[in-house]
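Participant: Listed below are the residues making up each chain.
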Amino acid sequence: MTLHGFIPVLTHRFPLDALLTPYVERYAPAALISAAELRAAPGAPLPALPLMIDSGGYQALDAHATVVDTGPFAALHVPGAVPLTPLDVYDLQRSARAAVCFTLDFPSPATATTDERVRRLHLGERNALWALSQIRPGTLYASVQPGQDLTAVLAARPDGIALGGLAPHSADRDRLRHEIRTVRAQLPAGLPLHVFGLGHPDSIHAALSAGATTVDSSSPQRMAASGRAWTGEVIPDAAPHERLRLAVTNLLTALHADVPLALHPAWRPLTPRRSA
Amino acid sequence: MTRPAPITALPVLSGPDLALACGVTTLPVSALITSPTGSGKTHLAREAARHALTCGERVIVTVPTKALAHEIARTWADLPGRVQAFTRDQPSPPYRAAHVLIMTPERLDLVTRRWRRHHPWLARVGLLITDEIHTISDPARGAALDAALTRLRATLPLLRVLALTATCGNPRVLADWLGALHIGGGIRPMPLTWTAKTVRAVADKPAALQRVLTPGESTLVFVHGRQRAADLAAHLKKAGHASAAHHAGLTPGVRAQVERDFREGRTRVLIATPTLEVGVNLPAEHVVLYDLTTFGLDGRQALTVNAAWQRAGRAGRPGATRAHVTVLGTRAEQPGQYERGRFEPLSSPLSRGEHLLGFLLGCVDGGYARTRAQATRMAQQTFAAHTGTLNAPRAVATLLQQGALADHGGVLSVTPLGRVASQALLPVPVVAAVRALPQDPTVLDVLLAAAAHVRLPSLGDESRATLVGALMSVPSRTLDAGTAPPDAVIGAALLHATTHHGDDGAAELSGLHEPTLTALREETLRIVSAWHALSPSISVNLTRVSLAAQLPPLTATLALLSGVGQVTARALSAAGVPDLPTLARTPPAQLTAAGFTLRTAERLTQAAQAYGPLTLSEPTPAPRTRTVLADPARLARARLLTVTPTTHGWTVTGGSQARTVTRQGEAFICDCPDGVQLCKHLLAVGLHLA
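In order, the protein sequences belong to chains C and P. Per our numbering, the first sequence runs over residues 2 to 277. Per our numbering, the second sequence runs over residues 2 to 691.
Errors might be hidden in some of the hints.
Output of the computed footprint for chain P on chain C, the stretches with three or more beta carbons under 8 Å from beta carbons of chain P [claimed, not checked]:
#, stretch
1, 16 to 29
2, 238 to 244
Example chain P residues on the side facing chain C (calculated, C-beta under 8 Å, incomplete) [unchecked claim]:
#, residue
3, His120
4, Ala124
5, Arg125
6, Leu159
So these bits of chain C aren't anywhere near chain P, every CB distance computed over 12 Å [stated by the list, open to error]:
#, residue
7, Leu62
8, His65
9, Pro73
10, Ala76
11, Arg95
12, Arg98
13, Leu130
14, Arg137
15, Gln146
16, Leu209
17, Ala226
18, Leu253
Simulated from the structure, these hints should not be mistaken for lab results. Values in this document were obtained by computation on a predicted structure and should not be read as measured data. In this text, a Cβ means the ideal position worked out from N, Cα and C, and glycines have one as well.
For reference, chain C alone in the conformation it holds in the complex:
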């Protein structure tokens, strides 16, 4: 299946996510959940809509995380956690009946050396090639980083490409557009391009207009948890129901982000996407 637009991220950790879930189920085309979340809460109920299951590779941004080459693929070691391998990710994605899966890549923290960045790019590509050679648990997107040569990955015929590493630069909309256009230019026509971690409506708009098919973020909840909405409303000591209202506002704003926020009309309810 091909998805379009903003995909909200849900977790099992935060009460606001649980409150927002029915609205995500009704109005969003899909939700994104990390494999790490699935692993932390096995058996927890999953939202009733198509799921994108991320690999959890974002944990590689932890300053103490290490990437270990095990031969056919590479594993992520985070202190205090069980190592995460592409096999684990594969099993979690399959058990969650993921509509869209992502391969395990290893974004680099800002403090990483150039050698380590190159090494991680290489190991992430190896994981992608390994995953693409397996029986696919769902539609499988290969996770890549900005500036990465996509020739080998595209040769393995992924169902889509997922571009990470742009979240720290989300305020620089020109850079977003440039990186996304660079990747899009290498892709065959019609191949979906997902961009990780963009939640501000203007970032979403920039990404989609530059050629991204989908973007994801938990920003609607994070903004609401701090008592703010992208429409300008601020509640300094928001109660749970007020945070939920702000989160719904942010969610709908993000889902409407095919127009710039500055031009955005006062948000209004969308037509429900699916039956209750």
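With the hints as your guide, set chain P onto chain C.
Facilitator: Quick look at chain P alone, frame taken from chain C:
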């Protein structure tokens, strides 16, 4: 040459027709529809519900009465989803199983107090239909509707509201509060014809009523009280009119029969109390407004224009062929004022006393407010605040003082007392009264304490003596101490009768309507259940079970066993097992002979044996004190006396001579020569203090 087509005027739409044409049922907007009864508001609501269901949304419908809830559930059953009325009258499925949920404001109020628990299904509600929204002004029940609407709208940011009423004097204010479009107007398919008849005195009304009745015409006559309805129906019957009374005192079966007789033409004149004002639809051609003056808590009050039009709107409903209204009134009652239809503006009683405390307690209990600022924000969103002022900080301070809330460094939380009061929808002092029960109370002590907090029906002296006399041999520390307020004794006597003879038996003994006793028992049960939740004890639990099952306390001990409800307890009682200790000694074979399966019989006896001995408080009654209490004549005389507090005690006047009552420790002493332990002067002081 062709002739031009004749010019025909386009229809001018208004009311529900205009709303339908504007797409109110399909667009994501809220709307307030003010239009006459019979102009199609219900059809509009139904179409809005249908559209919401086809979009995958759920719908909540609030209606003022349980009867209306069931009628809508029946008539909307063909909608594409499960339509369910949620009332206490019948077992209901879980809320999540229904797609159209029909409930009273009180039920919705309770749902919103637990919104996080209900969130998975509640968040799927896209449309709230509030029928008869003018009831938000009702002094007794309007606060629940205001509270429920305020909280639900706060909980569901995308909720659309469709509010309907025929009578609203300030539609723009109400629409503004709801964030809704206002669409007014609307045309009744059968216009009302009004006639005002002036009588010289109220006593002339029965004769005047007979003069305005047309033989064979279906007529609803609105009066204010049950007794008036019964008397007038009997009067008309004697005069040859096929008439009947319709009021809340009738059992559901009798009421249904009365309605059926009227619908099918066997009864042509129905004398109805205001319960029919917003009740089920009956096809009447003629409505008579008979009582134009009410006697409420604030004394005499004129029938409001809103209420008059609600009643008048019953004329010409589907099935009727004419629609006219006759207003019978004295010159002072100005019967001609109603036809003009100048509706009173709606306001909410939520800002008053207990209502505001209950609302804010529910907000803290439901997690809507953890700080004073959040509580104030919630209060500001009510219709009461929209149309007036309210003092939320003072109410929060009162709740803290009552012990319902706790303040931990500016963070508010509900105490166990507050939680129980909130979930039981009871005032905090009523729930806190469990702490004033005597030590080691008996079941009658619990009934006496609870009866002090319920509204008692008036009772004739003879019935009162019989009922109170039945308490003579019932163990009670409160009665023996002579500290029970007289009204509480009468209330407890009525409740005692319901547990020993059932509501119907107690109705026979007291001369009251059975539903009146059912309401009294259920109201008391709510209080006692709250007490049990806050401070569980065997006496309170037995009282609770006894009231719920309408069983004597000893038989109710059977229902203390897990898995034994009132039905099994009754069956055991019929099988010769009067109480729990007896059940522990009963051989299973005796139960199987009475129809229990062997497995059940063994399980019951084993459970009774495992329960252990019952330790019930059973003090010996002190008959002397009770004889005085049971004297209704003395009590009646005490009610006529005037009590004035003095520095030494109280002066009681109104009898042959003024008397002085003083307090010595816990005892009250009177200087009268009556020579009884509890003279009428002491009773008067007791009434005064109560």
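Participant: Now tell me if each hint is right for this structure.
Facilitator: Outcome of the hint check:
Residues of the stretch 16 to 29 of chain C lying with their CB closer than 8 Å to a CB of chain P number 5, which satisfies the three-residue condition for coverage. With 5 residues bearing a CB less than 8 Å from a CB of chain P, the stretch 238 to 244 of chain C meets the requirement of three and the coverage assertion stands. With its C-beta approaching chain C no nearer than about 6 Å, P/His120 sits inside the 8 Å limit, and its interface hint holds. For P/Ala124, the interface hint holds, the least distance from its beta-carbon to any beta-carbon of chain C being 4 Å, beneath 8 Å.
With 8 Å as the threshold, the beta carbon of P/Arg125 comes within range of chain C, its nearest partner Cβ sitting at about 5 Å, so the hint holds. With a cut of 8 Å, the hint placing P/Leu159 at the interface with chain C holds, because the nearest CB-to-CB distance is about 5 Å. Interface exclusion of C/Leu62 from chain P stands, the closest Cβ pair being 33 Å apart, more than 12 Å. With 12 Å as the threshold on Cβ separation, the claim that C/His65 sits away from chain P holds: the shortest Cβ distance comes to roughly 36 Å.
At roughly 43 Å from the closest C-beta of chain P, the C-beta of C/Pro73 stays outside 12 Å, upholding its exclusion from the interface. No beta-carbon of chain P comes within 12 Å of the beta-carbon of C/Ala76; the shortest separation is about 37 Å. The non-interface label for C/Arg95 is consistent with chain P: the shortest C-beta to C-beta separation is roughly 26 Å, beyond 12 Å. Against chain P, the non-interface label of C/Arg98 holds: every CB pair exceeds 12 Å, the least being about 20 Å.
Annotated as non-interface, C/Leu130 keeps its C-beta farther than 12 Å from every C-beta of chain P; the closest such distance is 41 Å. For C/Arg137, the requirement that its beta carbon stay farther than 12 Å from each beta carbon of chain P is met, with the minimum near 31 Å. The beta carbon of C/Gln146 sits about 38 Å from the closest Cβ of chain P, which is more than 12 Å, so the claim that it is off the interface holds. Every CB of chain P is more than 12 Å from the CB of C/Leu209 (nearest about 24 Å), matching its label as outside the interface.
Once the 12 Å rule is applied to beta carbons, C/Ala226 is consistent with being away from chain P; the minimum gap is 15 Å. In this structure C/Leu253 is not separated from chain P by more than 12 Å, as the shortest Cβ-Cβ distance comes to only about 8 Å.
In summary, the one numbered hint that this structure violates is 18.
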